[in-house]
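**Student:** One-letter residues, chain by chain:
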Amino acid sequence: MLTNVPSPGGDPGVAISIRDLVKTFGDTTALDHLQLTARSGEVHGFLGPNGAGKSTTIRVLLGLLRKDSGHATLLGGDPWNDAVELHRRLAYVPGDVNLWPNLTGGEAIDLLGSLRGGLNEARRRDLLEKFSLDPGKKMRTYSKGNRQKVALVAAFSSDVELYILDEPTSGLDPLMEAVFQECVQELREAGKTILLSSHILAEVEKLCDRVSIIREGRTVESGTLSELRHLTRTSLQVETETPPAELHSMPGVHKLVVEGHHATFEADTAQLGEVHRHLAALGVRSLTSTPPTLEELFLRHYGDQTAAEPADSVVGAR
Amino acid sequence: MRALTGTGVLTRLALRRDRIRLPLWVVGLAGLFASIGDSITGLYETEAARLENAQVRADNVVTRAFTGPAPGSSSGALTVSEGLVFTCVLVALMNILLVVRHTRQNEELGRAELVGSAAVGRHAGLAAALLVAGLANVLLIVLSTLALIGMGMPAGGSVLAGVALGTVGLAFAGLTAIAAQLTESARAATGLGGLVLATTFLLRAAGDAFGNTASDDITVNPAWPSWFSPLGWGQQLRPYGESRVWPVALLLVCTAVSVLLAVWLSVHRDVGTGMLPARRGSVRASSALLKPLGLVWRLQRGLLLGWMVGIAVFGAVFGGIGDQVEDLFSSEKSAQFVRDLGGEGDLVNAYFAGMMGLLAVVVSGFTVQALIRLRSDEEGGPAEAVLATSVSRAHWVLAHALVALVGTALVLAVLGLSTGLAYGAVSDDLTGALGDLLETTLAQLAPTAVLAGFALAAFGLLPRLAAAVTWAAFAVCLVIGQFGTLLDLPDALIDISPFSHLPNLPAESLTAMPIVVMAALAAVLAAVGVAGFRRRSLALGG
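If you're matching them up, the sequences are chains S and R in order. The first sequence begins at 1 in UniProt numbering and counts up one residue at a time. The second sequence begins at 1 in UniProt numbering and counts up one residue at a time.
One or more hints might be untrue.
[Stated by the list, open to error] When the alpha-carbon atoms are kept at most 25 Å apart in a straight line, the in silico PhoX-like pairs for lysine-lysine are as follows:
#1 S:206 - S:144
#2 S:130 - S:144
#3 S:137 - R:291
#4 R:291 - S:138
#5 S:206 - S:130
Calculated from the structure, these hints are not laboratory results.
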């Protein structure tokens with residue numbers, strides 16, 4: 001059990017690999033055949049609404065919860081059996097930072113760093129300043145945002161391969177959010193792997209190379225942002241010389257509203273070429289095209305539309 | 001009266017939150033005082049025995065300081081000496097916890113802010129807390145009076161005893177209201193309340209110790225420090241004796257002035273802040289803190305220090321009256337009581353065996369408290385952060401177990417030392433007393449380790465029930481194990497408690513066998529606990 005040798009079959013290019021992970025709590029199924037792959041050196045966004053199972057997945061990866069079935073590999077090791085060795089190589093920021101009320105922030109940072117195997121003094125000093133955190137106050141007197149900063153400074157001052165961040169910015173103000181993003185960019189440039197659980201889409205769009213979206217314990221989408229965009233619809237506003245009446249018969253066109261020469265509609269990104277050819281034949285006077293945002297993707301999976309239009313495909317990890 | 005808008009709703013909310021806790025406190029306290037009365041009535045049945053006991057209580061400085069003299073020689077008066085101050089301390093504790101819970105804790109956790117944003121007056125929160133405290137204290141007066149009258153005590157004295165308990169409670173509710181304005185955290189407010197309580201206890205202890213014994217050789221007119229202590233005022237009602245009513249006025253004035261001061265303070269500060277600045281701490285961790293063992297030591301050292309100081313006081317008191325055991329328990333019945341607790345043979349040895357045995361079980365309360373921290377840290381968050389570092393689960397549990405066990409040994413050693421020193425001083429045999437009593441208390445580490453092993457096993461196997469199950473085991477050890485003989489319980493039941501398997505030291509001599517067996521059992525239980533914890537998921541809160 002006390003081995004640093006990666007388990008056989010562990011792909012060195014993959015930092016986190018989860019296949020068919022199942023975890024139940026009594027009658028509730030928290031994770032239902034979840035899939036997740038994060039490659040080494042990437043920032044992987046882990047998206048999902050509250051209660052989707054993000055924290056449960058992370059806790060299984062940290063060996064804090066025992067999985068019911070499925071496979072999970074972390075840095076080539078088994079999250080449960082090799083927990084102690086693996087934890088030397090990662091830093092974790094919990095979603096709800098509840099540390100020791102009678103220790104100061106500075107003490108908590110030193111302690112967590114030391115228990116992980118040491119921290120980088122220069123970075124500690126640097127980060128305290130960047131996050132403008134007063135390390136001399138007792139943990140119990142910090143606000144939620146400041147408690148979050150303590151965990152972030154402790155994690156980012158550790159020289160490790162993998163950073164697991166569970167909704168790390170939920171209490172931070174926009175200024176501190178920017179500092180956080182800067183830190184993540186630096187870590188990515190240094191070749192570190194980051195698993196970033198979040199439901200702040202702008203943050204994920206800005207930072208992440210690839211994302212996995214989960215819902216009710218299942219992976220519903222996974223891939224690079226452009227791969228995912230491909231699955232979504234582009235909004236178009238168009239004015240043509242010949243009234244675009246024929247559009248309604250085209251495949252992949254949705255929510256079409258035609259008023260004389262004007263039309264607004266959404267087109268499946270996969271059908272965009274076909275639609276453009278059709279419009280060109282009608283003589284385009286003006287065309288505005290809005291690329292899909294992650295937000296739309298997100299809403300499509302979690303919003304009211306989901307019931308009416310079930311997701312047609314899952315790509316990426318599959 | 002707009003400052004009080006919403007008081008009704010907040011009071012109902014507070015009552016709803018306390019619907020189990022508060023009745024338990026009130027009924028428990030009234031029952032406790034009544035049961036002290038019951039045992040006193042049984043112990044001293046003749047007028048001569050009561051008279052003699054009352055004189056001993058006035059004569060011995062240590063008893064006088066610790067419990068206070070009797071206001072007369074009736075059963076009721078002896079009950080007042082035996083239990084009034086002690087019960088008043090618990091009543092004060094109930095009020096401190098209650099008022100902090102419904103004032104400063106609400107503020108610290110941000111509830112007060114949310115509530116304050118609704119149509120709720122500035123003083124409604126404080127008013128609701130004080131109303132609930134008032135209700136609890138009035139209920140306590142009624143219940144304890146009825147319980148005492150029900151036992152056949154005179155009505156007048158019973159009412160006065162009940163009033164003493166309830167009005168001392170009111171005074172501490174008021175004083176705590178001030179503490180809650182001064183500090184920034186609920187813990188600090190409770191701590192400040194506790195400090196005030198300890199100070200008032202010491203004041204009245206000094207007052208009684210240096211007081212003048214009256215010509216009846218029973219009652220004592222306390223020296224001036226007693227008059228600066230609400231506990232002293234409650235005592236000076238002298239129920240079942242001189243029966244004075246006027247000290248009630250002192251208690252009520254103290255309550256009113258405290259409440260007014262608290263209200264004035266609350267107007268002069270902002271929500272969430274205190275009057276006393278929050279203390280800053282070190283910006284770097286000391287190197288000792290950087291290991292799990294250092295962390296656990298840091299987390300537990302305050303608790304440990306509190307126990308050591310408290311137990312040192314108890315030990316000094318019990319040791320200090322050791323040379324008067326023959327006088328204190330001179331009647332046939334009371335001597336039998338001591339022998340039931342501490343075994344046959346020499347009365348002094350039986351007394352120490354009984355008292356040290358009992359206090360050792362009480363000390364295991366520290367062990368349980370320290371180990372339950374495993375569970376609260378697991379549920380509350382810090383354990384998650386620690387176990388996500390390169391600290392193994394076994395390492396983390398064993399760090400807690402080691403600190404709990406070493407801490408217990410320290411508390412037991414302090415108990416032996418302070419009892420031995422005090423008894424050695426009064427009996428002029430310092431070395432003999434010290435050696436005997438240290439051996440007596442340190443031997444208790446073995447049964448305590450079994451209880452600790454049980455706590456670890458419960459933590460490893462039944463995380464969500466661990467706290468309840470462990471405290472239940474502690475209660476079994478205390479009630480069935482220590483008072484089983486008094487309650488005429490069968491030996492098989494009494495033997496459930498590991499504490500029943502130690503010889504009655506210092507009356508009997510120590511043998512290795514029970515110690516070895518208990519140590520082995522403790523090790524097995526601890527191993528089961530660690531193995532269970534290593535196999536299970538963390539049981540997180542929420």
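**Student:** Has the given pair, residue 291 of chain R with residue 138 of chain S, been kept, meaning a C-alpha gap of at most 25 Å?
**Tutor:** Between residue 291 of chain R and residue 138 of chain S the Cα gap is close to 19 Å, so the pair holds against 25 Å.
**Student:** Holds or violated: residue 130 of chain S with residue 144 of chain S, Cα cutoff 25 Å?
**Tutor:** holds, 18 Å
**Student:** Verify the proposed pairing of residue 137 of chain S with residue 291 of chain R, using a straight-line Cα cut of 25 Å.
**Tutor:** holds, 21 Å
**Student:** Do the alpha carbons of residue 206 of chain S and residue 144 of chain S lie within 25 Å of each other, as the hint requires?
**Tutor:** holds, 24 Å
**Student:** Would you mind confirming whether the straight-line C-alpha gap from residue 206 of chain S to residue 130 of chain S stays at or under 25 Å?
**Tutor:** Between residue 206 of chain S and residue 130 of chain S the Cα gap is close to 20 Å, so the pair holds against 25 Å.
Checked against the numbered hints listed earlier, the structure breaks none of them; every hint is satisfied.
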